[in-house]
Every structure is written in C-alpha cells, then in structure tokens.
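Visitor: Line by line, the protein sequences give chains E and S. Throughout the first sequence, residue numbering follows full-length UniProt numbering, covering 1 to 607 in sequence. Throughout the second sequence, residue numbering follows full-length UniProt numbering, covering 1 to 273 in sequence.
Derived from the structure by calculation, the hints contain no laboratory data. Note that CB positions come from ideal geometry on N, CA and C, so glycine has one too. Treat the hints loosely; a few may be bogus.
To be verified - The following label-pair restraints were derived from C-beta to C-beta distances:
| id | chain 1 | residue 1 | chain 2 | residue 2 | range |
| --- | --- | --- | --- | --- | --- |
| 1 | S | A174 | E | L5 | 26 to 32 Å |
| 2 | S | V51 | E | T20 | 24 to 30 Å |
| 3 | E | A460 | S | S173 | 54 to 60 Å |
| 4 | S | S173 | E | A310 | 24 to 30 Å |
| 5 | S | V51 | E | A385 | 42 to 48 Å |
| 6 | E | V316 | S | S173 | 31 to 37 Å |
| 7 | S | S176 | E | P435 | 42 to 48 Å |
| 8 | S | D253 | E | R524 | 37 to 43 Å |
| 9 | E | V416 | S | D60 | 42 to 48 Å |
| 10 | E | A385 | S | A174 | 52 to 58 Å |
| 11 | S | S173 | E | L597 | 26 to 32 Å |
| 12 | S | A174 | E | T20 | 35 to 41 Å |
| 13 | E | R524 | S | A174 | 47 to 53 Å |
| 14 | E | I4 | S | S106 | 52 to 58 Å |
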Amino acid sequence: MGRILLVVRLALRDLRRRRTEAALLLTAILAATTTLTLGLVLRDAAGDPYQSTRAATNGPDVVANANLAGLAELGKLAAASGVTEHGGPYPVIAGKLEASGRTSDVQAMGRDATVAAVDQPQVTQGRWVSDGGVVLEAAFADSLDVGVGDSVTLGGRSFEVVGVAVTAAMPPYPGASCIVSAGCINGAIPDDRDLPAGLLHNPGLVWLTQADVRSLASDRSPLSYVMNLKLAEPDKAQAFVDRTGGDHGGAMPMQTWESILADATDLAEDSQILLLIGAWLLGLLAVAGLSVLVGGRMADQTRRIGLLKAAGGTPVLVAAVLLAEYLLVAAVAAAAGLTIGALTAPLLTESSAGLVGSAGTASPTWSTITLVTAVALGVAIVATAVPALRAARSSTVSALADAARPPRRTGWLITVSTRLPVPLLLALRIAARRPRRVVLGVVSIAVTVSGIYVLLVLNAFLGGQPGIGAYTEAQVAVLRHVLLVWTVILLSLAAVNAIVITWATVLDNRRASALARALGATPREVTVALATAQVLPALLGAVLGVFPGGFLLFASINTITGGDSDKATLPAPWQLIALVLATVLVVAALTSVPAHLGGHRPVTATL
Amino acid sequence: MLPLGAGLRRLKTRKQNRIYRRSGIVSDAVGTPVLSARGLRKEHGKGEGSVRAVDGVDLDVSAGETVAIMGPSGCGKSTLLHLLGGLDRPSAGEMSLNGRRIDNISEKALALMRRTEVSYVFQSFHLMEELTAVENVELAALLAGRSPRVARRRAEELLDQLGLAGRARFLPSALSGGQRQRVAVARALSNEPLVVLADEPTGNLDSAATLDVLQLFEDLHESGQTLVIVTHDARIAATADRKFSMRDGAFADETWLTGGTTGQLGALVGLED
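Could you build the full structure based on these sequences and the hints that come with them?
Guide: Structural data, given as structure tokens:
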C-alpha cells in the first residue's frame, strides 16, 4: 500500500512540476480520443433513431406497392407464406403541395382514422388524420416550416395541417422511397437536364383519409397502392422479397426494412465518413505532437530514473512511477474524450425530425469505451516504454549522467546559413540541429492544411446544396456542424502542436540560445530565430498541404465514399495562396510567445 | 614548452592597437582603466531570503592588464564576471567599459558590446557540438556581421596561431579538453575584444591540458590582451598582474604580482622540472 502511495505521489508531483507539458500531453490525447469517440458513437447512433421509430410504430418488414393493375397481386401478398400481419393496401396519389409560398412534390397516402396493425405513424404534434385534415411527415414539415393549424393546398384543394408524424415505413424527407407509379427521383439534378413529365422530385410524404385521397384521383393522377407487411422472420426480409418476385423495377416494387434503414441513415453515414476522415487527420496530428512531447521528455525521464534508482528505487518501482504518470494523463484524456464525444455526437447526427428517437439517445457502447480507453492507454504505454527500457538497461550512474541527445550536423545548411542575416543564420542552424522535429512540424502543418483544403471543397459543395436538392437546409446545417467540429478540433490540435514543437525547440536550444547571446546575439535576434525555425517548416508544410496533400486527401475521400469529384468546386488559386499565407501568419503568432520566452531567458542561468 | 608564444604575440589586433594608441594605452599598458566597477552589488531573491552574491565590489582593470579573481565556491566570482560582461544586471553600482557606462544600457546595447568589446571563455567551453572547430570560431564574427569569407579567414588564422590548424575541421567531440578550450579562446578573440573574461578556464581540464591553457593565457597576457580570470587555480592566478581574493561577495584582499612568468611557467607552477 505504501509503495502504491509512493508511486502515485511521485507521479502526481512530476505532473504538477511540469504543468504545461502535462496539459499539452492531455490536450493531444484528448483530441484523439474525442474524435475517435465521435466517430464510433456516430456509427452506433446511425441506426438507433430508426430502430426506435420502428418499435414505436410497429414498422413494416417489407413495403410493397403497385398500380391499379397490380392491386390483386398486392392483395395476395397478405396471404403469402411468412407474412404474419399486414396493413393496407392503402391508396396513394402523386401531387403538388403548396405551403408557405413553396411548392413541393408529394406522395399522399390515404389512411384510416383508426389505428393500423402495421405502420401506425406516431404523431409528434397534433392528431392523426381526419377528413379535410392532413398529417405531414415530420422532416417534410420541418423543411417546409409548416406546423399544426397551418393551411396547405393539395391538388387545388385546401387542407388544414392537423398533425405531424414519423414513420419507419419510409426514410425521412428528402430521402423518401417512391410508392407511386408515376416514379420519383431524389437528389441533385444537373441544370442542363429536364425531368420527364409527371416524375416526382424529392417528394414529401403526407397522410390524408382514404376518402380524401380517392377524391383527389383523376385520369391524369391515378391511384397507386401500398401494403405494409410484417414477417415471421424480419431478418430474412430480402429473401422474402426475392422469393415473392418483387424487386425495385420489377412488377411489384418492394422495399425491405433494412434498405429503408440504410436510406434513413444516409446523412448520419455522411457525417460519420467526414468524422472518420477527420479522426485519421487528427490521429496523425496527435502522433506528431506526442512524438515531440515524448521525445522531449525522454532525456529528463532518464535522468529522473537515475535519481530514483540512486535513492533506492528498484527498476520495477521506477517503471511503475513512469507508467503511472502517463496512465493518469491517458485515463483522464480517455474519460474526457468519451464524455465530450458522447455529448457532441447528437449535434452531428441527422435531425431527429423524421424519426422518433434522436441521436441524443445514443450513448457510447462498451466496445466504444473499451476501444477509446485502449487507444489512450496504448499511447501512454508506448510513450513510457522507451525511457523505461532505457532505464532498465542503463546503470544508475549512466542514467544520472544522461545528457541531451547530441544535435545533428547538417554541413551544407551550416555553410548556407553563413551568408544570411543573424536571425536566419540562427534559425537555419536551430532547424538543422533536429531534422526529425522539423519533419514532424512540416507533417503537422501539411496535415492541417490538407484538412482545410478539403473543408473548403466540402463547404463550397454544401453551400450549393439547398438549391440543388440533395440535402435540405437542415441537413446542410447538420453537415456544416460536422465540418465545424472537425475544423475546430483540427485547428486546435495543430495550434497545440505548433506550440509544443516551438517549446521543445526552445528547451532543446536553451544552451545554444544562451551561447549565441553570450557571443553577442540580441534577445530579439534569438526570438526571431526561434520563431523563424518554426515558420520556415510551416511554409513548406502549408505548400505541401495544398499540393499534393489536399489534392490527394480529397481524391482519397472520393475513392472511399465513391463520390464524384466533378461535382466539387476546387478552391480558387487566391484561396490557396491566402491559406498558405494565413497558415504562416498563424504559426508565427502562435510561436511568438514561446519564442519570446526562449529569446529572453537569463543567459547566466543556462550557462 | 608548447609552441604557442610566438604565434600569440601576433594576436594583438589592429583594432586594439588603434584603440590603445588613441587612448595612450600602448605606451602605458597598466594604468588607464578599460573596465571599471564601483559599488557593484548583485542580490538574488527578495526580502529576508535575499542573498548578496556580489557585495560592493570596486574594480579597475587597465588595458593590457591580467586580473585574477580567486575565492571559494559560491563567493560570487562567476556572478561578478557575468556582471562585468553584461550577461547579468547589477542590483546596484556602476560599471564602465572603455569610459562608457554599461550598467544602465539596453539588452541590445549589451549584446552589441559582447560582439566586439567583451568576450567570454567558459569553464565548460560551451562549443556548439554540431559545428566544427573553425565554424565555432567564426560564429562570433558572423554574429558581429562580418562577411563569411572574412570570418572564416580570421578563424583559420586564429586556429593556426593557437596550434589547431590541423584540427580546424574536427567536431568538438573529436578534440581533447585542452584543444576545446583553445578553440573557445580562439572564438573569444575572433572579434578582437577589448577585454576577455575567463570563468575557471582550467576547471574542466587535466594537468597536461591545464598547462596548455596556462601557457595560452600567459601568451595572451604577453600580447597585451586585457584579461579578467576567475579561477580556483593558484597556478593560473600566478600569471596575473593582480590577484583579488573574494569572500562573501566582496574583495577581501588585493595582491600585486610580479607581472608574468613567461618562459618559466611550467617550472614555476611545478608542472615541469
């Protein structure tokens, strides 16, 4: 017990002694765990609201539809083997709905006022259908900004909105499946292409009474029919569809609940793809930041190990102290990352307007908690392993005498630097002393700028979406939220990395900076040199981040998602130039404080 | 004996001679203060816990003079040296270099002063590990704004005069302690300073290397270079014109010595027969 207390006390003392480093370490791991949590929670959350809706509405396992000629076939389905319950057939009509000055294509379904055995939409506002009253699918109502009590016009007749409801028999607007014989098309339509007459574009779903629907029918607007089926084995819905001969484009179009789920969670999947790409980028940034932090601490740790051993600590005790320190930070980062990720996820998932459940109900699963914690602890163990092994192998005396890693000599750079003004001379030599750190700095900035490049493309793409129709304004807002979170975490971690790398450079160059000042370099020259040593790699990283970094990242995203890059607008040259310049300016600003501190350290305290 | 003397006697620079001639120092090397301090004080900490590392030091160092400051560890020798070179600021008192007050000038002005007027030789050499001997020596000149060609020529010249021509392209890690200290001395002389301040220059050296550096400082003394040396080593102090004993931050004793022992140094300090 006493030994455990000692280990914890030593670990806490060291963390307290190096608060800045501990905070930076925590931030780096936290960013990685948060993003990982977001990606995983989102994956788990994607299907959750649909499942809730399905349970609440006794959603169908298969939805079949037919025109008048196929009505008899549709009726036979109710008696097909494997069907346990059915609802319908219900009449459906294609039409145009006018509300709030906007006209939208709709599929109006005729329902009974009584509760259906299968697919009884759950009313979230108002009440269920009655003659002269219309109920709108929730996401559709949200998109039109129409609520209970409003008036809408359908087929030239005015109806009062009596309710808003959700269903699991169809994906929420604008991803509705087509249940009318006229045919539908969802998503963007190029400007140069006209829709065939009668084809519905991004139709919404409304419910009327059967009588109202039948009264709206005409020769130009014939009725279609839809039937909802419950199966004995819902997991074999596709097999049922295959067996009964119906399929999309076949004589009797049918849709399984699995395909409705996939369509319903399309947006959440888009969000998840964006976040997972963000997680990869953040992972790279976190590794870069952690490498510098851990590398910077290694020499200190080795000497500390020597001190512990000299004071009587066994190798096991020493390893335990080191491990406890990192594990403590990692555990806090994992817990905080899981919390932040779980709380933020609802903001990034599809609006719950079209489904009963919301992503807010999704919480991290045990597998998510385990994976995130394992990643955080893994980072801690990897970071501790090297100094601990070094300590175990080295003698106490050599550990005590452990000096900083000797700087690297880059002869040509030293020669070139002699021709430059003093700050640049010093900056090049500072950079040349630790080429790996420079590489990490370049990678860190390149990854960040690549991410921003892709964000610019996606932002421009989303900017044109409401007009095109692939996403509604609400959905665009959700995806913009995802991009915002991604941007904030990406920039925060990049900023942390810039500061970490500068601070590591400042610490590593304490003696060299003090010596330069003893030889006559002014504090300002040393400050400028330390900042320039970060700005030069940042410039290179920014250029590489635009090309090939951003270009390749965007191409990778397109390959992964099966996207069409022709639809995207690449950033304009002026945007890319501004991006590079802004990156350099931001890095200069971020590094100015640590560089100033490094340039003004008392010379005598160091030498 | 080390073959340094002849070379080092040529070390007195054109600039020094110009300054000395202007101030009449060449003909009267010991007498006019190049570096002076009055009531110099340095306190560390505040309130009751404050410690006076330097406590009311008065000092005049004449051009061409070698002054040794001795004393036990922690008596304030190194702090005094740091104050004299502008690496640290005094808490009170006045300092002048070549007649100009330096205790109240800006950090930048102090840095410019260290480029050309005052230079340091440290106990731990403080050479840049990634730079060769010649690159270390030319660094001071480059910081002072000399052209790369002039800086390199001067560095090679100094290394040649210090007997290190064959080691110019070696990294410090490939040099012995004595050789490293000679490189550090060459760097200190690179910008032809008025005063060289040496902090325990033999503190990290073995006996043979100590003798090597002793000879070097003796030769510098002979060449007319103004030197202030902080040391524990009585042998180094014996080469000075004046010796101060320091205790508790203040000078306790001042001794005028014979003024050098050129040619007999090894025998005098007991390192040679």
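Visitor: Compare the structure with each hint and give your call.
Guide: Checked hints:
no. : hint                          : verdict
1   : S:A174 <-> E:L5: 26 to 32 Å   : violated, 49 Å
2   : S:V51 <-> E:T20: 24 to 30 Å   : holds, 28 Å
3   : E:A460 <-> S:S173: 54 to 60 Å : holds, 55 Å
4   : S:S173 <-> E:A310: 24 to 30 Å : holds, 27 Å
5   : S:V51 <-> E:A385: 42 to 48 Å  : holds, 43 Å
6   : E:V316 <-> S:S173: 31 to 37 Å : holds, 35 Å
7   : S:S176 <-> E:P435: 42 to 48 Å : violated, 29 Å
8   : S:D253 <-> E:R524: 37 to 43 Å : holds, 42 Å
9   : E:V416 <-> S:D60: 42 to 48 Å  : holds, 45 Å
10  : E:A385 <-> S:A174: 52 to 58 Å : violated, 34 Å
11  : S:S173 <-> E:L597: 26 to 32 Å : holds, 30 Å
12  : S:A174 <-> E:T20: 35 to 41 Å  : holds, 37 Å
13  : E:R524 <-> S:A174: 47 to 53 Å : violated, 35 Å
14  : E:I4 <-> S:S106: 52 to 58 Å   : holds, 54 Å
Violated hints for the displayed structure, listed by number in ascending order: 1, 7, 10, 13.
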